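Heads up: the protein sequence lines correspond to chains A and B, in order. For the first sequence, the tail end lands on 644 under the numbering used here, and the numbers increase by one without skipping. For the second sequence, the tail end lands on 263 under the numbering used here, and the numbers increase by one without skipping.
Among the clues, some could well be false.
Claimed, not checked - Partial list, computed: chain A residues near chain B (C-beta under 8 Å):
#, residue
1, 474
2, 477
3, 486
4, 489
5, 494
6, 509
7, 534
8, 577
9, 580
10, 602
11, 613
12, 626
Stated by the list, open to error - Within a straight-line C-alpha distance of at most 27 Å, the following computed DSSO-like cross-link-like pairs (lysine-lysine) qualify:
#, chain 1, residue 1, chain 2, residue 2
13, A, 585, B, 62
14, B, 82, B, 54
15, B, 207, A, 486
16, A, 628, B, 232
17, A, 585, B, 247
18, A, 628, B, 54
19, A, 520, B, 54
20, B, 54, A, 486
21, A, 477, B, 252
22, B, 82, A, 477
23, A, 477, B, 66
Claimed, not checked - Derived DEER-like restraints, expressed as beta-carbon distance ranges:
#, chain 1, residue 1, chain 2, residue 2, range
24, B, 49, A, 608, 38 to 46 Å
25, A, 615, B, 124, 40 to 48 Å
26, A, 597, B, 127, 36 to 44 Å
27, B, 132, A, 477, 19 to 27 Å
28, B, 59, A, 615, 57 to 65 Å
29, A, 482, B, 174, 39 to 47 Å
Worth flagging that the hints you see were computed from the coordinates, not collected in a lab. If you're wondering where the values come from, they're calculated on a predicted model, not measured in any experiment. The beta-carbon is built from N, C-alpha and C at its ideal position, and this holds for glycine as well.
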Amino acid sequence: MTIKVKEKQLHITLEDLRGGSDRILKQVYEENRGKFLNFARRYSLSEEENIDVYQDAYIIFYDNIMSGKVEKFTSSISTYLFGIGKYLIFDKMKKNKRQINSEFDLSLVGKEDELVSTIELKEPELTTEQTLLKRHFGTLGKQCQELLTLFYYRGYTIQEIMQAENYNSENVVKSAKSRCMKTLRERIQANTY
Amino acid sequence: MDKELLLYNYFSNHLTEDEEKLFNEFLDSDPEFRTKFEFENDLKRVIKDDQNQVLKAKLIGFEKEIATEAPVAKPQSSTIRKWSIAASVALLMGLGWIGYNSLLKTDYENLYAANFQEYPNTVYTITRGDNNASVEREAFVAYESGNYREAILNFEKVQQEESKGYLDFYKAQAYLNLGDNTAAIPLFKGIQSGESDFNEEANWYLALAYLKQKDKEKAISVLRHHIEKYNYNKEKAVTLLDQLN
Numbered sequence: 452m453t454i455k456v457k458e459k460q461l462h463i464t465l466e467d468l469r470g471g472s473d474r475i476l477k478q479v480y481e482e483n484r485g486k487f488l489n490f491a492r493r494y495s496l497s498e499e500e501n502i503d504v505y506q507d508a509y510i511i512f513y514d515n516i517m518s519g520k521v522e523k524f525t526s527s528i529s530t531y532l533f534g535i536g537k538y539l540i541f542d543k544m545k546k547n548k549r550q551i552n553s554e555f556d557l558s559l560v561g562k563e564d565e566l567v568s569t570i571e572l573k574e575p576e577l578t579t580e581q582t583l584l585k586r587h588f589g590t591l592g593k594q595c596q597e598l599l600t601l602f603y604y605r606g607y608t609i610q611e612i613m614q615a616e617n618y619n620s621e622n623v624v625k626s627a628k629s630r631c632m633k634t635l636r637e638r639i640q641a642n643t644y
Numbered sequence: 019m020d021k022e023l024l025l026y027n028y029f030s031n032h033l034t035e036d037e038e039k040l041f042n043e044f045l046d047s048d049p050e051f052r053t054k055f056e057f058e059n060d061l062k063r064v065i066k067d068d069q070n071q072v073l074k075a076k077l078i079g080f081e082k083e084i085a086t087e088a089p090v091a092k093p094q095s096s097t098i099r100k101w102s103i104a105a106s107v108a109l110l111m112g113l114g115w116i117g118y119n120s121l122l123k124t125d126y127e128n129l130y131a132a133n134f135q136e137y138p139n140t141v142y143t144i145t146r147g148d149n150n151a152s153v154e155r156e157a158f159v160a161y162e163s164g165n166y167r168e169a170i171l172n173f174e175k176v177q178q179e180e181s182k183g184y185l186d187f188y189k190a191q192a193y194l195n196l197g198d199n200t201a202a203i204p205l206f207k208g209i210q211s212g213e214s215d216f217n218e219e220a221n222w223y224l225a226l227a228y229l230k231q232k233d234k235e236k237a238i239s240v241l242r243h244h245i246e247k248y249n250y251n252k253e254k255a256v257t258l259l260d261q262l263n
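Could you build all of it, start to finish, from the sequences and the hints given here?
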């Protein structure tokens, strides 16, 4: 029974996750959820907080796949999620000012450091300029938002965008991208001054 | 070199070493280039934030679906219920004492299968580009790929060099996966009674190992101890104890 679960997990490739279909996202979410929550229950957070941590760990894991920081799976998906999750749990416990369970063997944290060092865990909050930029990004047409998301978030090349979005040539994609950026700049300037 | 191309290569992770050098020089010496770069970099950050919100909303949706998918007993219509009661009675009568007795027997195999789930590797991270060919790494690679015999051999090799609390736990897991409860039980007992990070987990798996051995009495006693002392899989332990009693 366990082996079956394992095989199922192995079938999920990095490309599947990059594709980002809801079916795959849900499958990975469900397959690792129970294990993660069991693991998280050793610490002093509430069940609600544990679910929140699981979701945040999942998002960070996903971001790192998108940014190319995780280039291939050398560990199971659950190991990545546990590694990130453990870091987030500690962070949350610190914020909650609860004491770390004295039974917890701190030497184990070191084992995750290797993974944590390859993964981008936390970023500073958005600056004022970024918040403004975000608001204006939201006012762009759907096509512009999609094109820029494919390039800046999903890491698609111009050629890949051309194929994925049925543009006629790479030049058409390039000029569309320039137009989107120009509109964005203009809207920000109009707002700022 | 074309500055636009430099920016393009930077954001699509395609900068060569030489280009990277040039890129950094422009960043320092060319304010216009720097402004362009910062704008695009901010945009990248903002889009990521946007996508994270979209994903978080999706995950919250999955969570709601899981909550509603949880089995809820549907009320049966009274006619169906009457017939099903009648059918059950007829079935029990038909089966007679021997059949009746076997229906009440504990289905150890199914209870074990319903509750056993291999504990994932949470202690040793096998990272990409990791050329560290340590025995411990090999042990966990074998464990994660389901080569439990090889994993056990390697865990034992590591233990000859140094003792780490979790090695016995994963060794016992490997034995359990191989169906060798006799080897797994003393290991779980040792962890459970000692000072380890895996006390609670070891106790839970000890109960499962007894279950697999069809040793109802010991399984019940370990589960009672578990519910009293530990939180790990507590709900499952309560349900399992109910099913055994």
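A quick look at each hint next to the structure:
1. 474: Violated. Min distance 11 Å.
2. 477: Residue 477 (chain A) check passes; min Cβ-Cβ to chain B is 5 Å, inside 8 Å.
3. 486: 6 Å, holds
4. 489: Holds, about 6 Å.
5. 494: For residue 494 (chain A), the interface hint is violated, since the closest Cβ of chain B sits about 10 Å away, which is over 8 Å.
6. 509: The hint holds - residue 509 (chain A) has a Cβ within 8 Å of chain B, the shortest such distance being about 6 Å.
7. 534: Hint on residue 534 (chain A): holds, closest Cβ of chain B at ~6 Å, below 8 Å.
8. 577: OK, holds: residue 577 (chain A) within 8 Å of chain B, min 6 Å.
9. 580: Holds, because the Cβ-Cβ distance from residue 580 (chain A) to chain B comes to roughly 6 Å (cut-off 8 Å).
10. 602: For residue 602 (chain A), the interface hint holds, since the closest Cβ of chain B sits about 7 Å away, which is under 8 Å.
11. 613: Violated, because the Cβ-Cβ distance from residue 613 (chain A) to chain B comes to roughly 14 Å (cut-off 8 Å).
12. 626: The hint is violated - residue 626 (chain A) has no Cβ within 8 Å of chain B, the shortest such distance being about 12 Å.
13. A:585 to B:62: 10 Å, holds
14. B:82 to B:54: Given pair residue 82 (chain B), residue 54 (chain B) is violated - Cα atoms ~42 Å apart, limit 27 Å.
15. B:207 to A:486: 22 Å, holds
16. A:628 to B:232: Status violated; Cα separation ~67 Å.
17. A:585 to B:247: Not satisfied, since the Cα-Cα distance of roughly 50 Å exceeds 27 Å.
18. A:628 to B:54: Distance of about 14 Å is within 27 Å: holds.
19. A:520 to B:54: The hint holds at about 24 Å.
20. B:54 to A:486: 45 Å, violated
21. A:477 to B:252: 26 Å, holds
22. B:82 to A:477: 12 Å, holds
23. A:477 to B:66: 20 Å, holds
24. B:49 to A:608: 38 to 46 Å: 28 Å, violated
25. A:615 to B:124: 40 to 48 Å: With a Cβ separation near 56 Å, residue 615 (chain A) and residue 124 (chain B) fall outside 40 to 48 Å, so the hint is violated.
26. A:597 to B:127: 36 to 44 Å: 52 Å, violated
27. B:132 to A:477: 19 to 27 Å: Holds, since residue 132 (chain B) and residue 477 (chain A) (Cβ atoms, about 23 Å apart) stay within the stated range.
28. B:59 to A:615: 57 to 65 Å: The hint (57 to 65 Å, Cβ to Cβ) is violated, given that residue 59 (chain B) and residue 615 (chain A) are roughly 24 Å apart.
29. A:482 to B:174: 39 to 47 Å: With a Cβ separation near 31 Å, residue 482 (chain A) and residue 174 (chain B) fall outside 39 to 47 Å, so the hint is violated.
Hints 1, 5, 11, 12, 14, 16, 17, 20, 24, 25, 26, 28 and 29, counting from the list given before, are not met by this structure.
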